[in-house]
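Residue numbers (our numbering), protein chains in the order written: chain Z, 1 to 545; chain C, 546 to 975; chain F, 976 to 1150.
These are calculated hints, taken from the structure and not from any lab test.
C-beta: ideal position from N, C-alpha, C; glycine also.
Incorrect hints may have been included.
If you want the ones that stay clear, here's a sample from chain Z, every Cβ over 10 Å from chain C, calculated [unchecked claim]:
| hint | residue |
| --- | --- |
| 1 | E164 |
| 2 | D214 |
| 3 | Y234 |
| 4 | K257 |
| 5 | E401 |
| 6 | F449 |
Cut-off 20 Å, straight-line C-alpha distance, at most; resulting in silico cross-link-like pairs (PhoX-like, lysine-lysine) [as the list claims (entries may be wrong)]:
| hint | chain 1 | residue 1 | chain 2 | residue 2 |
| --- | --- | --- | --- | --- |
| 7 | Z | K202 | Z | K181 |
| 8 | Z | K355 | Z | K396 |
| 9 | Z | K145 | C | K922 |
| 10 | Z | K149 | F | K1147 |
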Amino acid sequence: MPKCTINGKEVVVKDGATIIEAMHGGGAYETSDEPQKPGEKKQWAEGKVAHYCWHPGLSVAGVCRLCFVEIEGNPRLQIACNTVVTEGMKINNTSQKVKDSAKWGLDFHLINHPLDCPICDQAGECGLQEQYMEFGKYNPEMAEKKVKKHKVVDLGPTVVLDSERCILCSRCVRFTEEVSKTNELGIFNRGDRSEIGTFDDKKLDNKYSLNTVDICPVGALTSKDFRFRQRVWYLKDAETVCNGCSAGCNVRAYFNKEGFFRVKPVYNEEVNGYWMCDEGRDLYKFVNRENRYLKARRRISGGAWDEMLPGAGAKDAAGVLKSSGDAVALVLTGQYTVEEYESIVGNFVNEFKSKKIYHWNNNPKTENDFDGLLIRGDKNPNTKGLFKVLEKHGVKTSWSELEAGLGNGSIKSVVVAGPENLQFFPDMADKVKTLSKAQNVIWLQSPRFAGLDELKNNVWIIPMKSYVEKDGTFINHAGLEQKFKRVTTVVSEALTLTEAGDLLAGHHLLIKPALNTLVEAERPEDRVMLENRKKNEFVFRRGEL
Amino acid sequence: MSEIKLLTEFYNKDEFRGINGYQKMGGYETLKKALKMQPQQIIDEVKASGLRGRGGAGFPTGTKWSFLPKNNEPRYLLCNADEGEPGTFKDRMMMERAPHQLIEGMIISGHAIHSKKGYIYIRGEYFYPISVVEKALKEAYDAGFLGKNILGSGVDFDLDVYAGAGAYICGEETGMISSLEGLKGQPKLKPPFPAVQGYLRKPTIVNNVETLAAVVPIIKDGAAAYKKFGTEKSPGTKLFSLSGNVMRPGNYEVPLGYPLKDMINVLGGGMKPGRTLKAVIPGGSSAPVMNAAEVEKATLDYECLAQMGTMLGSGAIIVIDDSQCMVDMLGVLMHFYHHESCGQCTPCREGTGWLDKIVHSILEGRGRLQDIDLLEKVADNMKGRTICALSDAAALPVLSFIAKFRDEFEFYVREGRSKVKGTAYAEMHH
Amino acid sequence: MSVVQKNTSETTKWFLPGILVGLGITFKHLAKNLLNQKKMMTLNYPEQKYEYSPRFKGNHILTVKKDGSLRCTACMLCATNCPAECITIVASEHEDPSVEKYPIKYEIDMLRCVFCGFCEEACPVDAVRMGPEWQTPGVNGANFNYGIEQLAYRPQLKGGMMSLVDDEERHKYGI
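In isolation and in its complexed conformation, chain Z is listed as follows:
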């Protein structure tokens, strides 16, 4: 464990760590292509080195030549990404020599870079913009014609390339070589005519292709899904856990009051490393308002649908459930949090005295699949959590019992906690048909599904809150419990499974009395605003660049 001195501070680093790993905390690191913590401002802190081609999840390339540091005893500057720390090394990156070399390194990157900031999606989180503000802000001296390359190149079903913006850091090429192991990308031509591209007839078409958009430090690779939808400084972000499969990758969701726009991965050593899959990135679509149930719907004896508020709908259904006695069944998908399962299963077992709780397994055949990197075959984030709760309450059932019960009439009412990520539930239509045999169906669901209109008899459809709107715990395939907090609220009238369960059991919802009307803020920058408000100062904060 060698000890070295960085900018005057003594640091102990791991064996074999390079200087750049030592300066970035030997593990997690942050530049503008990784989202920053709320309230944190990027600055030329003494522990950070400007870099483009280094990424802690990829091999070292050493091609951007920006990460020079000064090592005492060496007349030449050395690159920090490829120099291993030795005992007693004295490293310095605040001297004028280093700043000059970084300024010229940036200058060389910019001489052929197109003036695309107005139309480039990366504006606001661009590596070049960030470094220019740090130690650029100079007038460019290049008076010659810039190199022209291909723009708006369709690399595949998810990614668009702009070769002029590309700084040839080769992160995307190394990603397809080392992480996704699909080797689709390469650098063609040589010199300043070099361009990223795919080989003949091959497209960038793998399940992790959008990670290349994340790691691209400039706007060369852009996601077709997010392209031009919103400027990044209008988006807020918060961490949560993806609900696509049982891997439980940590993600950061970007949103504003219009809805959610995109999802990016967050580094978690145990769960997903630096990456996430493409399927998980589409799941924000099920959360946005246009795809949700906003009001509860009720149909009596197959008649017309009428609408009401979710709470009222649940209370209405509660009356019917009470009259069913214990001929009530509960169908659960593995999509809800452990706390919600606790509450609703507890309600069922204690209030309705019914142990007819069934697990809706949408992928029994592919359950134990694993593609080698991240994607798991079980497309529910919390199956293990569900089983844990069911075991605790001593519930052991199988789906065939439900079908038998529906057939012979021993189950009159069914409460269904429907899925959130509809794309992984191809058996929805089938299950709707099966469950519509019951007399009363209370379907709790977050995203809209047209097939629910096929339910006959007495139906209540009650809108639920999606996974980003509640606090909770998911247990992933390896048994790791991950707690996450609410990101924001999209449909405020919707109920969580806990609230729905309480209302259906005939309880009133608990409203916690507010001890003080002024709720203390949790995030540091909100605290600042609060202090100023208390002092009667007006702090005006715009979206930051």
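For this one, chain Z is given, so just place chains C and F on it according to the hints.
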């Protein structure tokens, strides 16, 4: 002093090319002697002789060989016959006229470094030398000088020719290793150095054609005899490729320390009638240029030229007389480096393009006075900041041309035409 | 600290001289105006209108390119800079790769706009300008959310104002 014919004694004899002629004139005897020596003895002999790399860097060969790790990993010996440096054509002559000399040198060197496999990387444009060397290899295999158990000594050595595809950057040692591995010929980061981790991640020694051929006379006559030629720090002889505005351009072998002006006037036949010497580039286009006053004082060895601020390099002496426009010449050089940059690291990729564009805009009459300072600034900031030395090779000519011939540049910027030729770019190159 | 004298003397106690002096000034101005109506400061609006300077910040104009299409590239700098947050832009992809990004919706809520001119300053391509028009009333129910039709192609603009920043010229110079 006149030419010494250590390496080039039989170049003009056609039969020297074939194995029978080569053996008749004393070839492969040294190999028999070397196979009886221990590998460490050969390395010591080469170290004692002070042989320096003849490809351009001038690194002591014996020292390079001793960097190899002492383990049982397979080693590779690579012969760098890429000869991309503009102005150099000495290796081509050796491969065309004395291929067996090279092969013998490689087998001896392979034995010295415990290598069982060697490659000769010849640039793709050398169609004729490739065919000559391949024929020579076949003859050597048939005669039992290559392959398993050479001449019954228990030493195995296999040699193959690998043709390049037209990239100057594949002459850089790690670029060549990448190209041999089948990847794009882009240099790798150093450390790790090729002697520790090179071709296929195994210890690799990369040497120039001339260096490997010079091993033969060293082992034949001993290190002391080799040191009799040349100077103390630069012993031995070297092949120089003389070109440019001289009467008799060609390859000349002289001992190191030979005066440069003698090379041009005596061996090269002097300038063309009515012309005076203006500048000389002594070591291939990457070496800083010398003006006429410096040429008078220079001797052809590593130390003297390094002291004068230039370098011996690959030994390509380009002679420039007063009819040549220096701005035009710089334009040609910059176009070369712009075309040949591999594009991996940013300062070289963008910088070579930028230098090329600025020089050409001066040549086309659109130059501004601050362009000359800009050229110096860009070249200064390209040096020393890249993976390989192509960036330095592009920057050094710019700095030296502007330092020594600034008046020609300023004239061109102010008047829009060449000081020497009187005409503008379009007329010089139509 | 200044000391103000108290009005204690007989003449000033009544304030009459002060009043008379003031009235005198007023009547002097009245007489001047009656006798020399041309030099009066009053502007007889709406017959006479004030001539504003060429930099006057009036109604917005969205400039167009040479072929008549909108200059705006939907970079949203104007919306970000606007202190009243009155500009709403929705961007979209253009089929022509040399244009790439253009707004399909560009709305300025005129009732929120304070005509500060920050949007004009922020725009990098001279797409939005503040023009000279300044009195655009609307009756009840009039739509004060001006869209692209009204901002770029209203009849007073005679088919659209040309932008001074031309991408083709820029590309020809190699930037």
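Assertion that Z/E164 lies outside the chain C interface [Cβ separation over 10 Å] = holds, 13 Å
CA of Z/K202 to CA of Z/K181, is that 20 Å or under?
-> Cα-Cα ~14 Å, so holds.
Are the Cα atoms of Z/K355 and Z/K396 separated by 20 Å or less?
-> holds, 8 Å
Least C-beta distance from Z/Y234 to chain C larger than 10 Å | Non-interface label stands for Z/Y234: nearest chain C Cβ at 32 Å, farther than 10 Å.
Hey, does Z/D214 actually stay past 10 Å from chain C on C-beta?
-> holds, 22 Å
Looking at Z/E401 again, its CB stays over 10 Å from all of chain C?
-> Since the minimum Cβ distance to chain C is about 61 Å, Z/E401 lies beyond 10 Å and the statement holds.
20 Å Cα cutoff - pair Z/K145, C/K922 | holds, 19 Å
10 Å Cβ clearance of Z/F449 from chain C | Fine: 51 Å to the nearest Cβ keeps Z/F449 off the interface.
Verify the proposed pairing of Z/K149 with F/K1147, using a straight-line Cα cut of 20 Å.
-> holds, 14 Å
No chain C beta carbon within 10 Å of Z/K257's = Holds, because the least Cβ-Cβ distance between Z/K257 and chain C comes to about 41 Å, which exceeds 10 Å.
Figure legend: structure checked against the earlier numbered hints; every hint is met.
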